[in-house]
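Peer 1: Each chain is listed here by its residues.
There are 2 protein chains.
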Amino acid sequence: MADLLSVAKLAGVSRATAARAFSSPDLVRPATREKVFNAAQQLAFRPNKIAQQLRSQATQMIGVMVPSLDNPVFAEQLQAMEVAARASGYSLIVTTSEYSPSREGDIVEEMLRQRVDGLVLTVAEADNSAVLNTLRLETTPCLLVYNPPGKSGFPSIGVDNRAASADATRHLITLGHERIGMVAGPLLQSDRARLRFDGYCHAMGEAGLIARSLVEMTRHTQADLKSLIPALQVPEALSAVICTNDLLAISLMGELQRAGFSVPGELSVMGFDGIALGKHLYPSLCTIEQPRAEIGRAAVHTLLAMIRGEKCTPAPLPHALRKGESVGTPTSRKSTLSTL
Amino acid sequence: MADLLSVAKLAGVSRATAARAFSSPDLVRPATREKVFNAAQQLAFRPNKIAQQLRSQATQMIGVMVPSLDNPVFAEQLQAMEVAARASGYSLIVTTSEYSPSREGDIVEEMLRQRVDGLVLTVAEADNSAVLNTLRLETTPCLLVYNPPGKSGFPSIGVDNRAASADATRHLITLGHERIGMVAGPLLQSDRARLRFDGYCHAMGEAGLIARSLVEMTRHTQADLKSLIPALQVPEALSAVICTNDLLAISLMGELQRAGFSVPGELSVMGFDGIALGKHLYPSLCTIEQPRAEIGRAAVHTLLAMIRGEKCTPAPLPHALRKGESVGTPTSRKSTLSTL
DNA sequence: CTAATAAATGAGATCGATCTCATTGCATTC
DNA sequence: GAATGCAATGAGATCGATCTCATTTATTAG
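Sequence lines, in order, name chains A and B.
So the first sequence is numbered by the UniProt record's numbering: it starts at 1 and just counts up by one.
So the second sequence is numbered by the UniProt record's numbering: it starts at 1 and just counts up by one.
A few of these clues could be false.
[Stated by the list, open to error] Straight-line Cα separation of at most 16 Å, EDC-like style, residue types lysine to aspartate or glutamate; simulated pairs:
#1 Lys279/A with Glu255/B
#2 Lys279/B with Glu325/B
#3 Lys279/B with Glu325/A
#4 Lys279/A with Glu325/A
#5 Lys151/A with Asp127/A
#6 Lys323/A with Asp167/A
Hints listed in this document are in silico derivations from the structure and should not be mistaken for laboratory results.
Using the sequences and the accompanying hints, generate a full structural model.
Peer 2: Here it is, written out as structure tokens:
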């Protein structure tokens, strides 16, 4: 691959002049500039970013780590990030921790070696995170996404999980539900899932209702969900459940219907996240919509500001309650489902 | 950030020795090695990949371009790619073309400037693609994913779309369906969607059935899908439709049900892709499963082989027919849906 | 037409790691 | 004790672009 030096030679100028023809064309006489451009054309010259990065000590690359791209909530965020980053001349190095805190460290170390200009991370646990403790000593700007801001001290982009979950709960309460449960995936270890549980408890208490102890599943598989159904058939009937994320809600809804229960007739199901697909299902998923694309864009723009050296304390982004057919009033219910 | 030179100084050795302590420890006397390691530790030395890349003329980075991460079929592939790449010491630069051929060129150029060791692309049109024509002149290994192998001349990872679609059609025919339609998204311009239409036509002809002219939607929105429903209510009733992808199938299914039609009672709906969510819906989506994760892994391994200089002509990966509740027999049908 | 000033260009260093080649040091052998 | 050999280390070049500073060329003024 042709480099600047060969272009310069062919054009009969020095490296410096050839470089200037590209980076500051107005410092170069038009005639000379043309000679350089022609030479570059002939040799199919393509500037080497690596050399530029080494020289300029900036890579224009953002390191991104999400738990998994199998969950659309992260994929949709990433899609928006990519567009926003590219619009600002940045590229993304994308990695997935597969929900494993131990991998988080290796991944981040690798990205630091690559000298990314900044990091956008979603970690398992923002407080008490090994990676974040390491990063605190580094100068590379780092921004959290979805993780609640907190002791970690890092700026964070996302919604107020506690408030959002409380809103979801109140929505059900307003519809007349009283026996409301919460179902969490295998990731209750996740900080945001816990906040969602908090919010639910808060809203329940506020309405004088009993927050049921939460159903936490060890794994998120079809079999596990199925096994959840009999577990729901005990003394007191639940009329609604909130799932800590949409994937879980959709799966649960499917299993309930498959087992012959009507949603929302016998049980209302609410999700959390607002993945795009939920809108198109029947019944459509009632959920808390996190503005995934907006979160992605805000993450990029905030990080770029941090890279420029600005101090950033982003405010939580607004969530929205997305009504959906998966939630109804409890009145019409003739349930056989029971509480735990 | 501390560099090797400062480590060398602190350790009282030359740069060369310090470098060797890391890259070929056995060439360095144990005592010296220790001095270097200690110095590195003290200075929090972190090797600079950029310098290594410039020197070694290899980045250990793979450039990936997919149309959009909003479609789980790409997100799931990418998830597997990331894990496979990391396992081999490679990183991914991820970009999205947003289905725009014009963006494809810029994106690939950018990745070439970054000197990625190889490219994994999903383009709009493999034959007659501007990007691929450019890349043909380059030495950077390039591999297509999902795009059918063809005139482009680039190796390609994916299933046999034509055969898979024919299998889907035959599945419906075997169940007794005769009036089978096909619904395509806004992307019939996409090469794979056309092959799927071909396969459908082929299987229909083979069974002596009439391949309906295909319904192509200009956009893939809820409103558009809704408008499709009356368009289906003409003279002859369809008993089944195949959608060119799962997202479309899921949305269609939702709209049909919302409009009061029973799936599969009045209309069987089949998808294509096999995104994970389809399994958990009710009715679960009957579809052609592309092995997304396997495709992602194969893409990485094949590309790495190409980078090593091996010639690669990967065989199509096997697809699978995933049975699902969205498809039934036409007998029980009391349809009001009609053909076009 | 020359002096003074501005514009254009070139030489060389730099970013950080690594490779080649030369040199030093130590040990083995006769 | 000198010679031969290998192990360990250092000096310097290299990867490709860009920046600083010096130098040359062009321009304007007097």
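Peer 1: Give a verdict on every hint.
Peer 2: Hints, one by one, checked against the model:
no., hint, verdict
1, Lys279/A with Glu255/B, "holds (10 Å)"
2, Lys279/B with Glu325/B, "holds (9 Å)"
3, Lys279/B with Glu325/A, "violated (20 Å)"
4, Lys279/A with Glu325/A, "holds (9 Å)"
5, Lys151/A with Asp127/A, "holds (6 Å)"
6, Lys323/A with Asp167/A, "holds (12 Å)"
When held up to the earlier numbered hints, the structure conflicts with hint 3 and nothing else.
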